[in-house]
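S.K.: Here are the chains, one letter per residue:
Number of protein chains: 2
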Amino acid sequence: MSARPTPLSGFPEWLPAQRMIEQRFLERIQTVFELYGYAPLETRAVEPLDQLLRKGETDKEVYVLRRLQADPDDTSDATLGLHFDLTVPFARFVVENAGKLNFPFKRYQIQKAWRGERPAQGRYREFIQADIDVVDRDTLGFHHEVEMPLVVADALSGLPIPPVRIQVNNRKVCEGFYQGLGLSDPAAALKAVDKLDKIGPAKVAELLAETTGATDAQAKACLALAEISAEDASFADAVRALGVTDPLLDEGLEELVRVVEAAREHAPGLLVADLKIARGLDYYTGTVYETVLKGYEGLSVSSGGRYDNLASAGADRFPGVGISIGVTRVMGLLLGRGALGISRSVPTCVLVALPDEERRADCDRVAAALRKRGIATEVSPTAAKYGKQIRYAERRGIPFVWFPGEDGHEIKDIRSGEQAPASPETWSPPDPDLRPVIHAV
Amino acid sequence: MSARPTPLSGFPEWLPAQRMIEQRFLERIQTVFELYGYAPLETRAVEPLDQLLRKGETDKEVYVLRRLQADPDDTSDATLGLHFDLTVPFARFVVENAGKLNFPFKRYQIQKAWRGERPAQGRYREFIQADIDVVDRDTLGFHHEVEMPLVVADALSGLPIPPVRIQVNNRKVCEGFYQGLGLSDPAAALKAVDKLDKIGPAKVAELLAETTGATDAQAKACLALAEISAEDASFADAVRALGVTDPLLDEGLEELVRVVEAAREHAPGLLVADLKIARGLDYYTGTVYETVLKGYEGLSVSSGGRYDNLASAGADRFPGVGISIGVTRVMGLLLGRGALGISRSVPTCVLVALPDEERRADCDRVAAALRKRGIATEVSPTAAKYGKQIRYAERRGIPFVWFPGEDGHEIKDIRSGEQAPASPETWSPPDPDLRPVIHAV
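Which chain is which? The protein sequence lines are Z and F, in order.
For the first sequence, full-length UniProt numbering assigns the number 1 to the initial residue and increments by one for each residue that follows.
For the second sequence, full-length UniProt numbering assigns the number 1 to the initial residue and increments by one for each residue that follows.
If you're looking for bench data, these hints aren't it; they were derived computationally from the structure.
The reader is advised that the hints may include incorrect statements.
Listed below are several chain F residues computed to face chain Z (Cβ distance under 10 Å; list not exhaustive) [what the hints assert, rightly or not]:
hint : residue
1    : 11
2    : 13
3    : 37
4    : 81
5    : 116
Pair ranges (Cβ atoms, derived) [as the list claims (entries may be wrong)]:
hint : chain 1 : residue 1 : chain 2 : residue 2 : range
6    : F       : 69        : Z       : 265       : 41 to 51 Å
7    : F       : 213       : Z       : 394       : 53 to 63 Å
8    : Z       : 337       : F       : 419       : 45 to 55 Å
9    : F       : 369       : Z       : 382       : 46 to 56 Å
10   : Z       : 9         : F       : 391       : 50 to 60 Å
11   : Z       : 182       : F       : 26        : 51 to 61 Å
Values in this document were obtained by computation on a predicted structure and should not be read as measured data.
Ideal placement from N, C-alpha and C gives every residue a C-beta, glycine not left out.
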């Protein structure tokens, strides 16, 4: 390795201090997922290529694997690709293991996924997703759709990040509205409206005319619907004021009201009913979610929705609802702006100073006693002058240096300079110093 | 997805209950790594192919990636492969980021790796490794070699697994001994002795004669060295009794004695100096480690050693020492024999029973209050008869069911049948019930 290697575009790597921040995020997310009773699942990184290509729109992005020295005549191995999300492997896992699972099945999955896309801001070739999904056999209670944004809200709260805003819509509202309006192809209308942020209202109106035969009045109504947004149930009145009626629309409005009201009680100001949220994916059939951070509105950091037909096997159908947090995207946005910091670059809380190399065994005993009580401790790598050993701690942000003496020990907080007698059997750091602390910058 | 999918050989997947066991293992390992001050690192899953092939012996095993729809004329992307261990990416990371790291640099890394090998017992195509390494610039203190097995011992203790035995040797002992014996090619002798368990002493003697020109007496001495094994420093006397002298041998013996004595104090009975341990890999230059579980002696579950030349860039050299725990191998061995169990298949501690669907918001409030105090809680998915709701809990091993009443709440331990009044603001489960408990079966 004589040439210095360089980073690979789209494959982010964090320094240890940044990785500790990411770990804290993952820890928080996992803790909250478990508090809601979601069980952990980890699927293999690979799926047979035909599984991956069932979701047509992502075929360009799949990384295919081959064994470097594979025998070209040996066709016993199916072609494998790296998964590009956690939903496809989850659906496959449920069908494969349906007989061993209890339904409704609530699982979380925190793993990497890979896409061979052209890297751009917030778009990576390797990234961590944190997903929850609930699936049931045949039918799935609506209340699970209410729960999803609450879990995400709890997971992201308590982290030093900008305020979160979850935008919610319901496919039934849009499709029912388009139906009630007399449009023959609600799916095409949805696709057109989904482009609103990108191409603007005039172009969407044109597209609606082209792809669904919408009249000017119909296109105008579609755009009026997409403009509705509210933090409370008032959005439903605004929709009804547009004068369109349809049973599916009524059902969707009722569901969306339930989601909005539950979120208002649980975490006021967090969730907004935003009727332009469409989510491109075909398979959503009910509530859909998108999430942005204040100050980073262009990129969704968490999205998902209700699906009815993602997983099925023979006569078995497994409707579900899920939401996914783009952990690498959040990290990339915030670290990219230098918006996150951590109190030290190592887990170590105490550095035991080494008077001379002959005393190393004694110092190791001090460290072992502290570790036994959960205090991360290192012994100085060399018996250099104490000033140099203290600098070893300073450079890493280690807050305490332990001085083993002949007649007793002393501990020094190297930030304040305070020094006091201490015993390895009883001394503890103040709670906030036990582990590195993350904070907004 | 109409045909039911089947597992892929070599790509293990655990059910959620098993994954919870694996998570507990990972959590314990991570906690101990951090207690010793190792900082976390996560590298990307891929490396340029030329990096991966620097370690020649594994070239057959590399999975190479290609983008499914890559333009064949576009050669801008270097060929990438999945890493087959965590050492190669770590070495690359250190060289790439040397200017941003503090040395000695202690890092842990817990990630998946991939090898296109033929699957067999304990051999997977996708597996989790948990590694620690220390690297320094130019020179590395020997004491780090002493620490490695202590960290592994602490990480694996406290887990419900069979007793661990760490077998240790030192390359300097073997090479010094072969040199002192007058063998001209110590590396070839090491390779021959490494085959001892596979081909037996007679064949090793033949091989020594063939590849190093060893006489009968020399071959006999090599085999005598390989037979030496002791839990204390007495192994050094046994080596000296063979009558070979060499400065490198003396240095190696002194080092190995330090490793053995430190381990005897830290965790008696755990470590054994076993002079036949050779570890095939060329790059080790000092202490080498292998670890077995009692009852599963055929497969090493943790190995590593001291290396001097793994990472270098121009004039910079980064000697290091590391050890790796094969987490998937441990899990596979123990789950394969049904030797591990867990008290429930979900994180949930409390199921809130649902009297009728209209009361769901009330029940959600009870759940939210319990979760706020760290108690994993689900609300029943349906307002079925209480007997059916209790069976929902039973099937998942959820220990407590909460009954919300008009005038007050009650909680039932469904294992004992005990039921008592409770408030969501104050009730807590007994400590051992808060999280699922893993145990040996």
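S.K.: Against each hint, give a clear statement of whether it holds in the structure.
M.R.: Hints versus structure:
| no. | hint | verdict |
| --- | --- | --- |
| 1 | 11 | holds (4 Å) |
| 2 | 13 | holds (6 Å) |
| 3 | 37 | holds (4 Å) |
| 4 | 81 | holds (7 Å) |
| 5 | 116 | holds (4 Å) |
| 6 | F:69 to Z:265: 41 to 51 Å | holds (47 Å) |
| 7 | F:213 to Z:394: 53 to 63 Å | holds (56 Å) |
| 8 | Z:337 to F:419: 45 to 55 Å | holds (54 Å) |
| 9 | F:369 to Z:382: 46 to 56 Å | holds (53 Å) |
| 10 | Z:9 to F:391: 50 to 60 Å | holds (53 Å) |
| 11 | Z:182 to F:26: 51 to 61 Å | holds (57 Å) |
Against the hints set out earlier in the document, no violation occurs for any number.
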